[in-house]
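Asks: Okay, here's what each chain looks like letter by letter:
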Amino acid sequence: MTPLFSVRDLRKTYGGRIGCTDVSFDLYPGEVMGIVGESGSGKSTLLNCLAGHLAPDAGQVMYDTRHNGMVDTLRMAEPERRMLGRTDWAFVHQNARDGLRMSVSAGGNVGERLMAVGARHYGQIRAAATDWLERVEIDAGRIDDRPSAFSGGMQQRLQIARNLVTGPRLVFMDEPTGGLDVSVQARLLDLLRGLVRDMGLSAIIVTHDLAVVRLLADRLMVMKGGHVVESGLTDQVLDDPQHGYTQLLVSSVLQA
Amino acid sequence: MYVAVKGGERAIDNAHAWLAEERRGPSDIAELSIAQIRHQLALAVNRVMAEGSLYDPDLAALAIKQARGDLIEAIFLIRAYRTTLPRIGHSHPIDTGAMACDRRISATFKDLPGGQVLGPTFDYTHRLLDFKLMAEGQAPADADADADAAAASTQTASPTPAPATMPRVSAFLNRDGLIQDEAPSAATPPDMTRQPMEYPADRPLRLQALTRGDEGFVLGMAYSTQRGYGRNHPFVGELRIGTVVVEMDIPELGFCVEIGEITLTECETVNQFTGSKTEPAQFTRGYGLVFGQTERKAISMALVDRALRWEELGEDNMGAPAQDAEFVLSHADNIQATGFLEHIKLPHYVDFQSELELVRKLRAEASTPFSEAAE
Amino acid sequence: MTQDTRSNFAYLDEQTKRMIRRALLKAMAIPGYQVPFASREMPMPYGWGTGGVQVSAACLTPDDTLKVIDQGADDTTNAVSIRKFFETTAGVATTERTAAASIIQTRHRIPEEPLKAGQILVYQVPIPEPLRFLEPRETETRKMHALQDYGLMHVKLYEDIARHGNIATSYAYPVKVQGRYVMDPSPIPKFDNPKLRMAAIQLFGAGREQRIYAIPPFSDVVSLDFDDHPFEPSKANHACTLCGAEHTYLDEVIVDDAGGRMFVCSDTDYCATRQAAGTASPQTAPSQPHEAQP
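Top line first, the protein sequences correspond to chains A, B and C. Position in the first sequence (first residue = 1) + 2 = our numbering. Position in the second sequence (first residue = 1) + 362 = our numbering. Position in the third sequence (first residue = 1) + 197 = our numbering.
Here chain A stands alone, though its shape is the one from the complex:
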């Protein structure tokens, strides 16, 4: 089976400082990979390089496109990359405000990607938006409200709906539960797990929270100082960490 997403020797430096280096992996359809590490480990830099938000200094980021097979997205023309970002790919920001239009209604936020790829029937767009609001457990009656009137958790769920409405195949998530309180986090994780499973999504999730990867990720990469120090199946890595840093990470999680 061909991987959906294939990364080779990715490197990004800032002057003399390493952002991330020597990153290689394959991601298969339906797989969820977690990237964990403390802040400053390079995980956000890596995610941004993978998603096309940052230009890496070296390496390849190959994606299995619908029509042209495996393509190195770093060498794609901008219009194609933007189109990819609107259809096959999605990016869930840590701060929902970065991934939403705060002055546009919830319905407009969800409908935008549909309209950007040619949807022209108001009723159908609205119906799709309503459907998605319900799927992310937002009361459909709030379809005309602005996200500025939503709670943090609702904004995050709206961001997810906005991203998933065009049926992407690969979702990047940057600390999706960051900044939310614990009960809201649990609900959100449950929702994400259900959606990922139902839609057969592949996902790359960056987080410092091991509980998130335990629940969502099939595989795991542990980063420290820009390097991947350990990788493998989530349960294996967390239950039997090999690298000293991973052991530290696992042991420092407060036991419930």
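The set of hints was computed from the structure by calculation and includes no laboratory data. Keep in mind that this is a model prediction, so the values were computed, not measured. There could be a bad hint or two in this list.
[Stated by the list, open to error] Which residues of chain B face chain C? A partial, calculated answer using Cβ under 10 Å:
(1) Leu439
(2) Pro448
(3) Met496
(4) Pro558
[Unchecked claim] With a Cα cut of at most 25 Å, we get these calculated SDA-like pairs of lysine to any residue:
(5) Lys353/C x Asp141/A
(6) Lys353/C x Asp425/C
(7) Lys373/C x Gly120/A
(8) Lys392/C x Ala455/C
(9) Lys353/C x Gly125/A
(10) Lys353/C x Asp133/A
(11) Lys353/C x Arg722/B
(12) Lys281/C x Arg722/B
(13) Lys353/C x Arg144/A
(14) Lys707/B x Thr273/C
(15) Lys427/B x Arg385/B
(16) Lys313/C x Phe330/C
(17) Lys313/C x Lys427/B
(18) Lys427/B x Leu447/B
(19) Lys368/B x His444/C
(20) Lys368/B x Tyr347/C
(21) Lys392/C x Arg385/B
No residue lacks a Cβ here, since even glycine has one placed at the ideal position from N, Cα and C.
Put chains B and C on the given structure of chain A with help from the hints.
Replies: Just chains B and C now, with coordinates in the frame of chain A:
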């Protein structure tokens, strides 16, 4: 029976006739001469030259007279005139280091070679209306008082020293590597009056836009940086005002010729230093250059110039208006601004009619939500 | 009127006209695309038609006949002023008759009488960028046009319907030209949008914003809408009091201080022609203060 409004042409002609009367004012009052405006309202003339982008004090004075003292209207006249002038060539870059300074001060050092020369400045005047000025056309009443005044002025406003003895403040700081170098460039600067504005705009284009920008707008932007909207800790390293020569190559002659002298105001600010563990700390710069004695504008320009350099200096974008090049440069030109602002006086009744119909329709639909008659 | 010979024909120097014509050619080659041009300072203020004047000046030849209208009328003050400007600087013949003009400079209206091949319609444009009020940054809107990324425009229309039940744009209604560029047709009422498909050349000049764009004859021009909320070129539900026309755009005139009003054709030449030809069926009584229309 309704008859459509007509007579626009006659209305305009009558309006212009009345305007001409108002401009002249009562005929028993002496008419202003161009020479009076040029010499006695010199600072207004300076502003019109600077923002009109045309160095010609007599034309600027004429524009002020024709515009009844409305300086932006005068600037408009100069700009429209400038458009019609053919381009013969361009001068050599002006050497402000060779300026014959009437005024030269530095806030960064107490004393310096060439001294602090106050020049003809309002700075230390007490802003009390001088009612003696209301008596026109009289010879100075008290000759002795004037002689004292002259003596006092020579102590601080010394006769213009030779330019060689007025080295730049930035040169001292530069000798010790304390201030960032301005990289010299032989590239031809863009001409924003000959090509459309494009963003991002490089520094030469930004400076060009600022020097002809509205003084009030640039002042407000500069002020905002001092109040925390993108603060950059400015010191006036040097402010110099005086005359410089303008030279250009004449191809037919095969050598360089001095074509005239102009008065300029130049302001160099010393700003917030940068640096890191690996790069040594250095002061940074802002620059202002304006036609005539136009201090407020030159200093404002230097502050805004520095604010707009945040990106090349690796600073954070604080989101301050003065850091947003597109915002500052799009709104600095007062001729564009006043044109568009005042155009709302023009008839807009066709579009207003559309809006009226739309609002009526929406209100009707809102009040009859289930009505079939809505179609 | 003979030309004032102190200035060049039609005021602008030949180099400037050449520069504008190059921009016009580029604009015609890419329908609906905003071509940057080095707009000159003109003797009338920015915002008062300098873009249209520069385009007209670049197109005029001594044999042309010029018509200038503002709000559809030949004798509104700014139309008078611009017409006089060209009479003085170009010495061209001028006319109020749409059919007799070879170049028509207009502000905010398209003439009612269909234009023919060989005529040029020059529009005065205040804000050329249709996305400007959704995205203030030029750097961003330029990218959106280049990448055909017009989702934001449709979001705006969606929001209008969600809030008002209708698209809430009544003038300067955005259109898509030749299936590629989204364009602002200048602040014409949406009633005029269907006329944008015409036999004449249409040129758009924005002086202050320094942009020129064009629609070649018979181009495909579609007003943006939704399939289930189609575009409606609506107008006031009245006939012209002077000539009886029911198919023209109307000005609403207040006739007394009891709120009495009447409706007359905005296109003064069209109305006068109808009246002169005796095809008029004028109504005598002004209508009562406006009631809510169904």
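Asks: Going straight from one Cα to the other, do Lys353/C and Asp133/A come out at no more than 25 Å?
Replies: With a Cα-Cα distance of about 21 Å, the restraint between Lys353/C and Asp133/A holds, given a limit of 25 Å.
Asks: Mind checking the CB of Pro448/B against every CB in chain C and telling me if the closest is under 10 Å?
Replies: Holds - the Cβ of Pro448/B comes within 10 Å of chain C, reaching about 8 Å at its closest.
Asks: Decide if the proposed pair is consistent with the structure: Lys368/B and His444/C, CA atoms, cutoff 25 Å inclusive.
Replies: The given pair, whose Cα atoms are some 24 Å apart, holds under the 25 Å limit.
Asks: Given the hint that Lys353/C pairs with Asp141/A, test it: the Cα-Cα distance must not exceed 25 Å.
Replies: holds, 23 Å
Asks: Quick one, are Lys313/C and Lys427/B close enough, alpha carbons at most 25 Å?
Replies: Since the Cα atoms of Lys313/C and Lys427/B sit roughly 48 Å apart, the hinted pair is violated (cutoff 25 Å).
Asks: Compare the distance between the alpha carbons of Lys281/C and Arg722/B with 25 Å, and conclude whether the hinted pair is satisfied.
Replies: violated, 38 Å
Asks: Mind checking the alpha carbons of Lys373/C and Gly120/A for me, to see if they're no more than 25 Å apart?
Replies: holds, 13 Å
Asks: Taking the closest Cβ pair, is Pro558/B under 10 Å from chain C?
Replies: holds, 4 Å
Asks: Under the criterion that the straight-line Cα-Cα distance not exceed 25 Å, is the pair Lys707/B, Thr273/C satisfied?
Replies: holds, 12 Å
Asks: Does Lys368/B pair with Tyr347/C here, judged by a C-alpha cut-off of 25 Å?
Replies: Distance of about 44 Å is beyond 25 Å: violated.
Asks: Check whether the Cα positions of Lys392/C and Arg385/B lie no farther apart than 25 Å.
Replies: violated, 46 Å
Asks: Just to be careful: measuring from the Cβ of Met496/B to every Cβ in chain C, is the smallest value less than 10 Å?
Replies: Given a least distance of 36 Å, the restraint on Met496/B is violated.
Hints 3, 8, 12, 16, 17, 20, 21 from the earlier list are contradicted by this structure; the remaining hints agree with it.
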